[in-house]
Amino acid sequence: MMLVILQSSSILGTIGLPVLIIGALGLLFGLILAIASKLFEVEIDPRVEEIIAVLPGANCGACGQAGCAGYAEQIVHGGEALDKCAPGGADVVAQIAQIMGMQASAQTRKVAVIHCSSGGYENTRWKYYYEGVETCKAAVNIAGGPNSCAWGCMGLNDCLSACKFDAISIDSNGMRLIDLEKCTACGACVKACPRNLIDLVPINRNVYIKCSSQDKGGEAKQICGSTHPCIGCGICMRKCPVQAITITNNLAQIDYDKCINCGLCATVCPTKSILDLLVGTRKKAEINPENCIGCTICTKVCPVKAISGEIKKVHVVDQEKCIGCEQCVPKCPKKAIEMV
Amino acid sequence: MGYLGEIFVMAMTAIFIQNFVLSRFLGLCPYLGVSKKLDSALGMGMAVIFVMTLASAITFLINNYLLIPYSLGYLQTIAFILTIAALVQFVEMVIQKNAPALYKSLGVYLPLITTNCAVLGVAILNTTALRSDGVTEYNFLDSLLNGFFSGVGFTVVLLAMAGLRMRLDMAELPKSMKGMPIALILAGIMALSFYGFMGFQI
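Listed in order, the protein sequences are those of chains A and B.
The first sequence runs 122 to 461 under the numbering used here.
The second sequence runs 879 to 1080 under the numbering used here.
Since the hints were made in silico from the structure, they are not lab data.
Do not rely on the hints blindly, as some may be mistaken.
Calculated pairs, DSS-like style, for lysine-lysine (alpha carbon to alpha carbon, straight line, at most 30 Å) [as the list claims (entries may be wrong)]:
#: 1; chain 1: B; residue 1: Lys914; chain 2: A; residue 2: Lys285
#: 2; chain 1: A; residue 1: Lys337; chain 2: A; residue 2: Lys312
#: 3; chain 1: B; residue 1: Lys914; chain 2: A; residue 2: Lys258
#: 4; chain 1: A; residue 1: Lys421; chain 2: A; residue 2: Lys433
#: 5; chain 1: A; residue 1: Lys312; chain 2: B; residue 2: Lys1056
#: 6; chain 1: A; residue 1: Lys312; chain 2: A; residue 2: Lys205
#: 7; chain 1: B; residue 1: Lys914; chain 2: A; residue 2: Lys312
#: 8; chain 1: A; residue 1: Lys455; chain 2: A; residue 2: Lys360
#: 9; chain 1: B; residue 1: Lys915; chain 2: A; residue 2: Lys205
#: 10; chain 1: A; residue 1: Lys258; chain 2: B; residue 2: Lys1056
#: 11; chain 1: B; residue 1: Lys1053; chain 2: A; residue 2: Lys258
#: 12; chain 1: B; residue 1: Lys914; chain 2: A; residue 2: Lys205
#: 13; chain 1: B; residue 1: Lys975; chain 2: B; residue 2: Lys915
#: 14; chain 1: A; residue 1: Lys379; chain 2: A; residue 2: Lys312
#: 15; chain 1: A; residue 1: Lys360; chain 2: A; residue 2: Lys421
#: 16; chain 1: A; residue 1: Lys159; chain 2: B; residue 2: Lys975
#: 17; chain 1: B; residue 1: Lys915; chain 2: A; residue 2: Lys312
#: 18; chain 1: A; residue 1: Lys379; chain 2: A; residue 2: Lys421
Small disclaimer: the values here were computed from a predicted structure and weren't measured.
Pulled out of the complex, with its shape left as it was, chain B reads as follows (with noise of 0.2 Å):
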């Protein structure tokens, strides 16, 4: 199998066998939080997808030249928070200055990711993660693009949720069910069916 197929199944396992939300159970709260309407679901998709590939390169070279020479990868949790954060309000200045039309579109996701688990989550999974031979370990590239499909998967199911929620909308439902309830009901349903992904072996 070339690097083309290594790269179809990174990318089929980050969005369908190993999603972000449905089966890490990584970044409930935006896909809870900002489900509720398509465009905003968009938004943030773009923002979640932008920064997890960029968390993805930088803390992959902090791990490889800073964390790992000097043995320190208890650290790895701090460092990478640390890093993530400062990435992304980095980003959102670079934003808002060169590209006003982006910033206005991402510019309130963003601060929304800083904190977010599943932007730590993939960084922390790119440092243990293998290619499909089960041995080679994560170059920067893999990391990399893990990173953009891990993105995209999250994206994927947002706007799966932010859809199913606008029509669910209009659904008469008794009282009690209204709301929240019903998306957690919703979110059971999308992970069960999402689970069915689990036996494929590409």
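For reference, chain A alone in the conformation it holds in the complex (with noise of 0.2 Å):
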């Protein structure tokens, strides 16, 4: 009835009903809208919100979900651990137990470690020059890659441009450092090498074997470029006080549940393949005569017989036999033994 009105007046016509009209339809619309929202209203959780906002929003897949919003939700709805988030690390996982009210997860941080002592501009040997796309996943399908070790690491630095974190740098050799600090362990790196060179190792764990080469110890020798390279001789193995350390395809590997830090795999390796980085800052084991029972515990967990003494008499730590690894001190039933 308005309509008719409104169209036989002239200018209420040309004017009010447009704006009639699309006024209508946003009314309409709007209405609709409003109405729908409440209908179709979806209950988000709050603490799927709150997750988000604490992870730390790089999206690096490290905990198997698409991204951090992802797990956020997996957390909340699909009971997904708390701890799967490496670039967070412990406060992360802290805080995300907060708001789920749950206990913390106890979590070691892993660093990344490149399994080889190869790569840089001085120590590799070519087999070819390449000159191809500069990235290793292309290069390693050429001939088997351009070095000559079929193990050993390329240097084009694909590790490097999938760190999201800028923990790995080159040095002036080209060799790749990975900085222990900035290192989330997303796992980015260790899925970009083509030659499966980096894995994830505990940061309180710095003993490292710095080789992936399956090659028979003499033909590891001549093709690795470093001169570094794991021969598989199983000396390591051997003397290895707490068993960590297996031989398989002639490399030697370290169980990092059972290492105890102590080096003495490092010293003993004839190539030197075996990278210790608290070489020098060990302390030694000292009795303290005053506390000693001598029950000879200590003796027996000694991996190297640096301990020595009679029964029910004071016993000595032998300094230059010493390599402290710290194993007598918790077995010792008096506390009698310090680091020093």
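Dock the two chains into a complex; use the hints.
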């Protein structure tokens, strides 16, 4: 009725009608949306938003989800474990635990370690001169890679470009250095390396096998550009006080659940293929004669036979032999051993 | 020619001859923005097909039963934008409630399409489009199908672009050409090749 009146009167019709119709349309859509937003309301758990805010937001995928938002969703609704976020570390785990009202599980931070001592300008032996696309992924497909060692680093820095946290740098020799402070163990470089040279090691373990060659000893020695290949001789395996080292396919591997960081393997390795970050910084054991009761427990646990002494008499540590593995310290019933 | 033939002509026209991206140059923003990965391109394409089909249907009704009877054709643009924006919002809510899986795959892309000119383009072009006989105007079903095929055309081109760009990532390029410059050159070459369809008379 009103529309008919508006149409008939000229000025009101030309101005009022469009205003009325568009206004009515807008109002109608507005109402529909308002009703729909109530009708189709999806309850979003506020905890999801909170967890997203806590997570680092790098969307690195180390947790196995598509991104940080996906992981937050899975924690709240899918019952995913709280400690999957490698970049966030213990801090984030604690914060998520607080949001979820759960106890945080203790988790040791891990860092990436490159298991090869080759790959620089000076210490790589080349099979041919590679001039293709500057990625390891492409180079590895051409006659098994440009370097003579089929297991070693090609030095084309796929790991470096995969690192989102700026934790990998290149030194003057073109070797990749991992900044243990910046590394978040997100695993991006582990996936990026086509030779699988990188893996994640707990940060409190500082002895690494710097080789991944499964070639036989003599062969590995000939082709390794850095002259520090693992030849699979097994000396480290026999010397390891806690049986943490195994040799498979001519290659030593450290089981970091067992490793006690003593560094004995690094000192006995004939090719120096084991890197010990703590060398020279370890403290030596010393027995406080006042507390020692001569129980001989420490002599039995010492892997290098550095402690001597008769039963019921004060024991002495031979400072020359002691490697600072701290095996004896927790075993002493009288807490008589100190590291100095 | 029966109605099926008409549909075939419409499909060929919308997908190849008058492709929305490459010959009408509409919807270039998602064409360059969301074509870095195949799976996100597919998600975007599906969302565009969905919204274009729905928008064609609703705007046809608005145009023929509201704007034309009251001779308000000059308000077409503003009325259509209003309709499309409201429609996309509404559809997003419905999907989020009733089909969470679909929402997860389309959800990110739906708001992006709200103001996509290709959607408004198909709605406006529908109002003036003629069937192959050159006389009959599009009816409701024609408009709906044209919206759908235009969406398919967009998706085909978007997927082709995404596939090419994923390969381009591996190519060795001069630094100044990396990223957007080479993508624009690629878009130009694709548009040229689609220009070859122009002369077809179906």
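A quick look at each hint next to the structure:
Simply put, Lys914 (chain B) and Lys285 (chain A) have alpha-carbon atoms about 19 Å apart, close enough for the 30 Å limit, and the pair holds. Only pairs whose Cα atoms come within 30 Å are accepted, and Lys337 (chain A) paired with Lys312 (chain A) is accepted, the gap being roughly 26 Å. Distance restraint check for Lys914 (chain B) and Lys258 (chain A): the Cα-Cα separation of roughly 20 Å lies within the 30 Å cut-off, and the hinted pair is therefore satisfied. Of the pairs offered as hints, the one joining Lys421 (chain A) and Lys433 (chain A) holds, with about 15 Å between alpha carbons and a cut-off of 30 Å not exceeded.
Note on Lys312 (chain A) and Lys1056 (chain B): the hinted pairing holds, with a Cα-Cα distance of about 25 Å set against a maximum of 30 Å. For the suggested pair Lys312 (chain A) and Lys205 (chain A), the alpha carbons sit about 17 Å apart, so the restraint of at most 30 Å is met. Between the alpha carbons of Lys914 (chain B) and Lys312 (chain A) the distance comes to roughly 21 Å, so the proposed pair stays at or under 30 Å and holds. With a CA separation close to 28 Å, the supplied pair Lys455 (chain A) and Lys360 (chain A) stays within the 30 Å bound.
With a CA separation close to 26 Å, the supplied pair Lys915 (chain B) and Lys205 (chain A) stays within the 30 Å bound. Taking the CA atoms of Lys258 (chain A) and Lys1056 (chain B), the gap is about 20 Å. The hint holds against a cut of 30 Å. Pair hint Lys1053 (chain B) plus Lys258 (chain A) holds up; C-alpha atoms about 20 Å apart against a cutoff of 30 Å. Of the supplied pair hints, the one linking Lys914 (chain B) and Lys205 (chain A) holds, its CA atoms being roughly 28 Å apart against a limit of 30 Å.
With a C-alpha separation of about 28 Å, the suggested pairing of Lys975 (chain B) with Lys915 (chain B) holds against the 30 Å cut-off. Distance check on the hinted pair: Lys379 (chain A) and Lys312 (chain A) sit about 25 Å apart at the alpha-carbon level, within 30 Å; holds. Using a Cα cut-off of 30 Å, the hinted pair Lys360 (chain A) and Lys421 (chain A) holds, with the two alpha carbons roughly 15 Å apart. Our distance criterion of 30 Å between C-alpha atoms is met by Lys159 (chain A) and Lys975 (chain B), whose separation comes to about 11 Å.
Restraint check: the Cα-Cα separation between Lys915 (chain B) and Lys312 (chain A) comes to about 19 Å, which is no more than 30 Å; the hinted pair holds. A threshold of 30 Å between alpha carbons decides the hint, and for Lys379 (chain A) with Lys421 (chain A) the separation of about 18 Å falls inside it, so the pair holds.
The structure agrees with every numbered hint stated previously.
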